[in-house]
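Chain order of the listed sequences is A and B. For what it's worth, the numbering used here labels the leading residue of the first sequence as 1, then goes sequentially. For what it's worth, the numbering used here labels the leading residue of the second sequence as 1, then goes sequentially.
Heads up, some of the hints might be wrong.
Under the rule of at most 16 Å between Cα atoms (straight-line distance), these lysine to aspartate or glutamate pairs were calculated in the EDC-like manner [claimed, not checked]:
1) Lys248/B x Glu285/B
2) Lys365/B x Asp324/B
3) Lys289/B x Asp786/B
4) Lys840/B x Glu175/A
5) Lys840/B x Glu254/A
6) Lys840/B x Glu926/B
The set of hints was computed from the structure by calculation and includes no laboratory data. None of the values given here were measured: they were computed from a predicted structure.
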Amino acid sequence: MSEVNTSNHASSDDRPKALVITAPGINCDGELALAFEAAGAAPESVLLADLIERPAIVDRFSLIGLPGGFSYGDDGGAGRVLAQLIRRGLYPALAAAIERGVPMIAPCNGFQIAVQAGLLPGPAEGESWPVEPAVPTVALAPNELGRFHDVWTGVEIPESTRCIWTAGLGAVPSEAMVLPSAHGEGRFVAPDEMMAALESEGRVALRYTEADHFNGSRGRVAGICDASGLVFGLMPHPERYTRWSQHPTWTRLEASVRRGDTPGLAMFRNAVRHATAVVR
Amino acid sequence: MTIANAASPTMTTTVHRIEIHRRPEFGDPAADALRREFEGLPPGLLPRSVDCAAVYLIEGAFSDRELSMIAEELLADPVTQSPVIGAAAAGADEVVIEVHPLPGVMDPAAASIATAIHAMLGESEGSAITVRTGRRYTFGGIDAEAGGDLATRLLANPVVHAIHTGPYHPASFPVGHQQPFEVRDVPLCELDDAGLERLSRDAHLFLSLDEMRAIQSHYQGLGREPREIELETLAQTWSEHCVHKTLKATIEYREPADESGFSIRDTAGHRPGHSVDDAGRVRIENLLKSTVAAATHQLMADGLDDWCLSVFVDNAGIVGFDDDTAVCMKVETHNHPSAIEPYGGAATGIGGCIRDIMGTGLAAKPIAATDVFCVGTDAPAEIPTGCLHPHRILGEVVAGVRDYGNRMGIPTIDGGVWFDDRYIGNPLVYVGCVGVMPRDLISGDARPGDRIIAMGGRTGRDGIHGATFSSAELTDTHADEFSHAVQIGNAITEKVTLDAVLAARDHPDGCLFSSITDCGAGGFSSAVGEMGEKIGAEVRLDRAPLKYDGLSPVEVWISEAQERMVLAVPAENVDAIAAICDSHDVEWCDLGEFGTPDRELVLRWGDVEVGRIAMEFMHDGVPMPLREAVWDPEWAAREAGGDDVGVERSGVIGDVAGVFDLTATLLGHPNLASKAWIVRQYDHEVQGGSVVKPFVGPNAGPGDAAVIRPVPDRPRGLAIGHGLATGLARDPYVMGLAAIDECVRNMVCVGADPDRIAILDNFCWPGCDDPRNLGSLVRAAEACLDGGLAYRTPFVSGKDSLNNQFTTEDGRTIRIPPTLLISGMGIVSEERFATTMDAKRPGSRLLAIGATTNRLGGSHYLRVGGDPAAGVDELPVVDLELGPRIARIVHDAIRQGLVRSAHDASEGGLLPAAIEMAFAGGLGLELDLDAVPVDGASVSALARAFAEDPSRYLLEVEEADLPAVEALLADVPHGVVGSFVTAGPEGGEISISASELGSGRETAFRLEEAWKRGCDR
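Next comes chain A alone, as it looks inside the complex:
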């Protein structure tokens, strides 16, 4: 009963299974599960406590989502407590899944957790995942504004990115290429060397546009990925942009722009396609 199946389909269907990790204070698991489902996966929400008790549960999944929210109230710092629990109890299972080729997305609080749990930026190219979670090397500091801020912003996909989630989204018209952000601690900071490495290795997966660079992130970084391009951490919420009527000015958007998948949904489709083709 600890595994609440958010999918309407029988779990025996052939859709790739998506693990949505929940915990006290996580509150974007609903929309994340719906986004996976809309993209053709079979989502399942599982409490972190159950995963730590039985890490083998992770092996049953070919997609992983670490949702946003205020895990443990963000006490001691955004994502701090949950990251600690993952470092101590779930890191090996998650690292193994990534090495197995499982795409993982970590929006907002998920991103804050991932960088502190040793899941991002991850090992350098060619290196395998360390047995012990790495000491954090990048961070998400309080917004320059000094408070929580909710806004849709323009975003860009760096041409060089190796992120499998944002691949091919560079061509989307700019008025559609927007994402909602809602956070108090989203200012990406990294030491010079790490910053240079992320840029040169194509591990910057998402940037705020020059005009909408609201939180003061270094290099306008909105999201990064690991060397494999599978693990995608970002402050915005693509899972809140899976239908056109979520777009902030959809009532005036030309029908020609509103056609097909929203960029948010397209990211999840990329991952589901990858999971179907690649994951062992």
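Got chain A; can you put chain B on it based on the hints?
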């Protein structure tokens, strides 16, 4: 306020102290934000430098290695922060000020940090680790006294915080102590009236003499004295807050024989429950039932019964959404706590309203929150002793709603702020919550034999007497007397409780409980009392999990500690509920059983009976005396006021340039200006249901209402909006109609079907023991009857707060203006009908619907100093035939796809509203004031621009669609007042012409900036 001295950092103790500082290279936005708050401080308090740090006090037995692990790997981020074990030394000219929660005050971070330490050290949760958190500020260039003063002004509230000069490092934490408990009888049977009144006041019962007498005769009949716990239970259950004694009372209402405006006496004939005696006095049996509720019941009898699923009986009103789902809404006020501790008051306000939704039917899922605040201006004439500065109150109230709503993952999507200095002692904090539920789970009843299961937070001494306190009048000493009624919430406890409740509701074997309600005002006493009203209950108070030892049975029973729900659970389902609670980290306990042979409430501590009350006396024993109400128009006019301090009357405006200046002033008035600094601190996208957001258009203009999808995969919307017309308080009848009209307009403008709008009433009034205040309340209630019927908008829920006045040190009384908030939820049948107010296309025409008059009474135009000669000082009154008709025509036009954008013309008038449409859409506008449809021979150009007549809409319509829309409008007053035009490289341009004033141009940018800066922070 406690001023403690620094304990020596070298002192060895089991309480370890760790400071977390930010590395300078990555900046400290918190300190920067604090510096912005320093604006306006006296020079003596202005620090040269500021450094902020987090302080953790951790009690436990750790090795040095473990301690540095906790500091370096858990509490400090290795990239941006650095830890100090003990206390960092302060410079020679620096002072350290620390703010720590007082003992017993909720410290939400404590539990989660302890959890992480346990995980990190691999210890069992059992081993004792206690964490307390605080904040350290190191100020340069000021002394300790100035630092303490600074802290009291900006950083701490003595009601919940201790301010320390120097690093605070206690040897140990204070703990509660077991108390020998006694069952205390309260001698009451022999008291005379004076004695009864004294007892009521001294014991903070806030019961009237009549009520004390009723209790006295009841116990005389029983032949014994009441026990303390019984008296407290009656005080809670009979409080204004819980039984709405005033609104349900029988009222005798008088109005002047020559009442020129609306007369209740002359219309009493067709008002249910109303009768007029020979002397012309109107007798109203149960005001609420005869007005607000009567409207709903007449509408249900007239076809809305299959839509209104549950009204006035549950924690929230429920209406149908589609075939298998229902939506519900509740709006609460949390005024008194917010006056004393705004952050905690507002947070626990929204927390309590969310629990109302969780406790509606067999649990609804909260999907949206709303908040409307009424506060003093930033520059009040005076700040009486015992009042906080309105600027600080608003800032902290917003932070409270932000931190609770965001943590709960509930989008705050609609709200507003009204500024008026008469709210200085009684800020109003309206918080609302909307929920969705399966249609077959809209009701439940506790059954005899069901277990009484409490879930969620622990019970503490906090929040005692909240219900009686909220029914009292504030005085300058309340902050000290009632600090225990004020609380800090813990949203995460409520979030996990919500997760567990929904898991129990949606259990594969079906809903595991037969009834659920929240612990709000009155705590267990109200929750169990209500659930067991019909069957009785036997409660084991000693079983409630406590925050600390030493609570007496009475305290456990009436504590309003937050984040608690009470469920009636069939015995066979208790194990399943327990399993769900355990997996969600939710504490629960079995408090006893519902159902007693004689329908009694029996309270036990262990095997000892500590109280026994008949449910019948508890719920039906409260005397409902006759209340006197007088309508005194002159007095009401004197009370209405509403001018801002230091406003000078503008001279005669003779040209369009003057019109633009006044428009800029109006758009910049805090009531109209953008509340972006508030709205954007709320996550209004969480849950992914957003369809129409608070701000719309490329330049983020002011949307009229919000629309969400209650069921994510169904393209059907729910509009959430409100109406508030406090400017018209001079006649609360006129004000009430206007609030309903504005609420409907806001909903219709975003695409809601006017035949499917349900509304809620929230009365906040000054002391209604004064017949003149009660008289004005009666008129507002009659407006709810007439307005609800005319618009066919059933009231499904409501709330009242009827003692909002403040007595100053020198004995003056500051009364709030009568304030009626109308909140609404409306069905948007298909998402594609959702409409926004931002102008879409150059070349499309601007159509004004509804007549403008020269009635300027209560307008913002007059409030900002507009020339009164431009019109007459009368209140605009809603036309109850035309208003509803216009709403339906506008909706038809929207459904037929004839409307590109829609906006209601309300605060500030038609011109500011039209300009908002233009800059929201990044367009220019050419507007001809002569074309504004008017009612009355001569309506001045200024009145056409700034009058605030109700029932007016502005629609953007394609030229080609005009004939179709005008055909729908037929005889309804309307006119094409202008066109939207392409913006140039410098943005849009607004040009206005009026035969009286000539013509002129202004950049849309200047007016947009006025709107964006007017109330920004």
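*Would you list, in rising numerical order, the hints stated earlier that this structure does not obey?*
The structure conflicts with no hint, since it agrees with every one listed earlier.
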